[in-house]
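Enquirer: Single-letter residue listing:
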Amino acid sequence: MKKIDIAVVDYGMGNLRSVSKALEHVAPSKNVLVTSNPKDIANAERVVFPGQGAMPDCIRELDSRGLRDVVIQAAHNKPFLGICIGLQMLFEASEEGNVAGLGIFKGKVKRFAAADMKDSNGDKLKVPHMGWNQVYQANQLEVNRSPHALWQGIENGARFYYVHSYYVHADDASITAGFSEYPQQFTSAIASNNLFAVQFHPEKSANAGLQLLSNFVNWMP
Amino acid sequence: MLAKRIIPCLDVTDGRVVKGINFLALRDAGDPVEIARRYDEQGADELTFLDITASSDNRGLLLHIIEQVASQVFIPLTVGGGVREVEDVRRLLNAGADKVSINTTAVLNPQMVADAASRFGSQCIVVAIDAKKVDNQPFEWEVFTHGGRKATGLDAVKWAEYMASLGAGELLVTSMDRDGTKIGFNNPLNRAISDAVDVPIIASGGVGNLQHLVDGVKIGGADAVLAASIFHYGEYTVKQAKEYMLHNGIEVRL
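Residue numbers (the numbering used here), protein chains in the order written: chain A, 27 to 247; chain B, 82 to 335.
Read the hints as simulated data drawn from the structure, not as lab findings.
Among the hints, erroneous ones may be present.
Stated by the list, open to error - Covered by chain A, per the in silico footprint, the following chain B stretches (three or more residues, Cβ under 8 Å):
id, segment
1, 83-92
2, 154-165
3, 203-209
4, 286-294
5, 299-309
Each residue gets a CB set at the ideal place from its N, CA and C atoms; glycine is no exception.
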């Protein structure tokens with residue numbers, strides 16, 4: 027069997043073509059497999075866990091394919107990249123449909139409160155939060171610690187493409203690897219050992235996004 | 082903070098990009114893949130492809146174009162024109178589209194918008210609204226379908242609210258009176274819709290100069306501005322447009 031360098035977890039929600047195309051673009055020599063087979067995910071060297079749509083549907087589809095355990099294992103033992111709902115699902119629970127998540131991290135997924143949000147012109151801010159926003163890299167609270175390996179070659183404050191109505195609130199602030207503002211500060215990236223997960227879409231974020239994916243492909247946590 | 086987006090629009094027919102005036106009189110503007118790559122290099126925030134003939138032959142051609150663009154250009158791609166059923170949405174997403182724009186079908190069968198949003202997520206469902214100022218109705222702007230040929234009797238502002246409530250993640254608002262005229266967006270129309278809904282709106286139709294883009298955001302309340310001819314014929318680059326907006330106090334991605 028051909029070695030699987032990167033498994034993109036497919037649980038039937040949304041379009042994974044953009045993710046796999048971008049990975050193939052930054053790592054043309056790697057075998058990128060979009061798969062819903064637990065064995066492939068268990069055997070892959072690296073795992074990308076994307077997500078689109080509503081979190082209750084994502085959790086249900088993940089479970090109906092028997093992928094929960096293998097995703098949790100991968101999140102603990104190999105280079106793992108969560109994207110969008112793939113970040114949100116790592117937490118305990120979401121306000122979206124009051125659904126429980128995978129519970130890898132303590133904390134909740136909350137909805138942007140559209141009615142209270144205004145920009146500097148006094149115009150209301152729209153939900154979903156859609157478009158290019160700045161991502162500030164957290165130094166994970168430790169003095170003199172350099173930014174995370176996945177930020178290498180990416181300017182602090184670089185813009186990434188977002189589309190989401192919910193954001194994560196981690197109980198443990200030290201896992202925050204990046205944040206953005208809309209209009210309040212929210213966590214847009216988390217990091218913990220072999221895991222990195224982002225709220226934005228690196229596969230749709232032009233050069234900054236491709237750099238992050240390339241960093242992930244070469245990451246040796 | 083979140084940047085306002087600039088979205089070049091590529092009207093595609095027979096595998097070529099074209100541009101019309103008031104939805105008619107088409108003029109060739111070039112190869113879609115080449116144009117997409119050029120706009121990406123100039124810093125376009127997204128790209129929109131509209132299949133303006135939508136015959137079945139063209140559909141195959143368009144899917145092929147989207148596949149080619151999606152493997153080279155890593156920014157969001159929206160595709161619209163002739164999307165009739167949920168299966169059309171799936172086919173376009175599989176070809177590499179990130180969002181699908183639904184127009185005539187939304188009017189004929191609003192449930193299709195709800196079904197597509199619940200299956201693929203609101204983030205990829207854009208409802209396109211072609212609106213025209215009318216004086217024979219109790220409201221100001223009426224929704225038209227079939228590429229602007231058929232009146233629907235629907236109030237564009239109420240229609241926008243309804244579409245957002247069914248799960249549209251974004252609205253593409255085109256003023257038919259302004260399309261191709263280069264006299265600027267219909268800002269009162271855009272403002273009325275933008276204030277009525279929580280989802281982002283893309284202003285479309287009528288851009289002739291860079292001040293029109295600024296007015297679209299500041300006066301019309303648009304979250305994104307869409308333009309075609311000012312970019313296709315090299316009058317301005319996307320980068321020049323962004324620099325001009327930034328100079329006028331609008332947050333952009335440079």
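Enquirer: Determine for every hint whether it applies to the structure shown.
Expert: Evaluated hints:
no. : hint    : verdict
1   : 83-92   : holds (count 4)
2   : 154-165 : holds (count 3)
3   : 203-209 : holds (count 3)
4   : 286-294 : violated (count 0)
5   : 299-309 : holds (count 4)
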